[in-house]
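Asks: Okay, here's what each chain looks like letter by letter:
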Amino acid sequence: DTGVSQDPRHKITKRGQNVTFRCDPISEHNRLYWYRQTLGQGPEFLTYFQNEAQLEKSRLLSDRFSAERPKGSFSTLEIQRTEQGDSAMYLCASSQGLADPTDTQYFGPGTRLTVL
Amino acid sequence: KNQVEQSPQSLIILEGKNCTLQCNYTVSPFSNLRWYKQDTGRGPVSLTIMTFSENTKSNGRYTATLDADTKQSSLHITASQLSDSASYICVVPRVLAGNMLTFGGGTRLMVKP
Numbered sequence: 001d002t003g004v005s006q007d008p009r010h011k012i013t014k015r016g017q018n019v020t021f022r023c024d025p026i027s028e029h030n031r032l033y034w035y036r037q038t039l040g041q042g043p044e045f046l047t048y049f050q051n052e053a054q055l056e057k058s059r060l061l062s063d064r065f066s067a068e069r070p071k072g073s074f075s076t077l078e079i080q081r082t083e084q085g086d087s088a089m090y091l092c093a094s095s096q097g098l099a100d101p102t103d104t105q106y107f108g109p110g111t112r113l114t115v116l
Numbered sequence: 117k118n119q120v121e122q123s124p125q126s127l128i129i130l131e132g133k134n135c136t137l138q139c140n141y142t143v144s145p146f147s148n149l150r151w152y153k154q155d156t157g158r159g160p161v162s163l164t165i166m167t168f169s170e171n172t173k174s175n176g177r178y179t180a181t182l183d184a185d186t187k188q189s190s191l192h193i194t195a196s197q198l199s200d201s202a203s204y205i206c207v208v209p210r211v212l213a214g215n216m217l218t219f220g221g222g223t224r225l226m227v228k229p
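Protein chains in written order, with the working numbering: chain A, 1 to 116; chain B, 117 to 229.
Calculated from the structure, these hints are not laboratory results.
No residue lacks a Cβ here, since even glycine has one placed at the ideal position from N, Cα and C.
There's no promise every hint is true.
[To be verified] 25 angstroms max Cα-Cα, derived SDA-like pairs, lysine to any residue:
| hint | chain 1 | residue 1 | chain 2 | residue 2 |
| --- | --- | --- | --- | --- |
| 1 | B | K228 | A | K71 |
| 2 | A | K57 | B | V211 |
| 3 | A | K11 | B | R158 |
| 4 | A | K11 | B | K173 |
| 5 | B | K187 | B | S199 |
| 6 | B | K173 | A | D103 |
| 7 | A | K57 | B | F146 |
| 8 | B | K173 | A | R112 |
| 9 | B | K228 | B | F146 |
| 10 | A | K11 | A | D103 |
| 11 | A | K71 | B | K133 |
| 12 | B | K187 | B | K228 |
| 13 | A | K57 | B | T142 |
| 14 | B | K187 | A | D103 |
| 15 | A | K11 | B | G214 |
| 16 | A | K57 | B | K133 |
| 17 | A | K11 | B | T156 |
| 18 | A | K71 | B | K173 |
| 19 | B | K133 | A | R112 |
| 20 | B | K173 | A | K57 |
| 21 | B | K228 | A | K11 |
[To be verified] Derived coverage of chain B by chain A (criterion: at least 3 residues anywhere in the stretch with Cβ under 8 angstroms from a Cβ of chain A; other residues may be distant):
| hint | segment |
| --- | --- |
| 22 | 167-178 |
| 23 | 192-202 |
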């Protein structure tokens, strides 16, 4: 399977704990995106990388959130001191990073986070 | 403000029936519009992408239309199947913001036997 993969698929944690999610993009895709999606809503942009450089972060990304893409391949999203409001589906997507606006993002299956 | 609005929020139809989902957008300047299908607990999958010059595009039983003048798009599903049950999300990239995607809230479609 050469699609975008995410791990874990589900995570249940207690409030105050730290969690880390991993995303493996499609091979040779330059851009990698993180989104958050709550029930019944469309995804909301969190941040994206062009290779290893983090180029943009949403205001939704509080200081408790940090993302890395150290070698320009896989990426991790860490949430520190989780809160119940962090419960959501965290989606990763990758694209070739073409300048053409039709550059298509391919999504992974998501990581469902539940904070108790 | 750059927004994408979808209607209805949810829809229930019987298997074999047709349905049409609506999307209105205010994103400007406009380059293209995408429809994604998202099964429960899965990531969105691209169904179709329509550029400024395209009015209609089909992908199997899915037909998308675009009216760039009124800033409206629709997704028509013909002869629905149980597997069409999913959320359908309309997405428009913001050209002046590095093509960041603006997502609609989605239409939740349920096809019943």
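Asks: Run every hint past the structure and note whether it holds.
Replies: Comparing the hints with the structure gives:
no.: 1; hint: B:K228 to A:K71; result: violated (47 angstroms)
no.: 2; hint: A:K57 to B:V211; result: holds (17 angstroms)
no.: 3; hint: A:K11 to B:R158; result: holds (15 angstroms)
no.: 4; hint: A:K11 to B:K173; result: violated (39 angstroms)
no.: 5; hint: B:K187 to B:S199; result: violated (29 angstroms)
no.: 6; hint: B:K173 to A:D103; result: holds (18 angstroms)
no.: 7; hint: A:K57 to B:F146; result: holds (23 angstroms)
no.: 8; hint: B:K173 to A:R112; result: violated (33 angstroms)
no.: 9; hint: B:K228 to B:F146; result: violated (36 angstroms)
no.: 10; hint: A:K11 to A:D103; result: violated (31 angstroms)
no.: 11; hint: A:K71 to B:K133; result: violated (49 angstroms)
no.: 12; hint: B:K187 to B:K228; result: violated (31 angstroms)
no.: 13; hint: A:K57 to B:T142; result: holds (23 angstroms)
no.: 14; hint: B:K187 to A:D103; result: holds (21 angstroms)
no.: 15; hint: A:K11 to B:G214; result: violated (32 angstroms)
no.: 16; hint: A:K57 to B:K133; result: violated (43 angstroms)
no.: 17; hint: A:K11 to B:T156; result: holds (17 angstroms)
no.: 18; hint: A:K71 to B:K173; result: violated (39 angstroms)
no.: 19; hint: B:K133 to A:R112; result: violated (33 angstroms)
no.: 20; hint: B:K173 to A:K57; result: violated (34 angstroms)
no.: 21; hint: B:K228 to A:K11; result: violated (31 angstroms)
no.: 22; hint: 167-178; result: violated (count 1)
no.: 23; hint: 192-202; result: violated (count 0)
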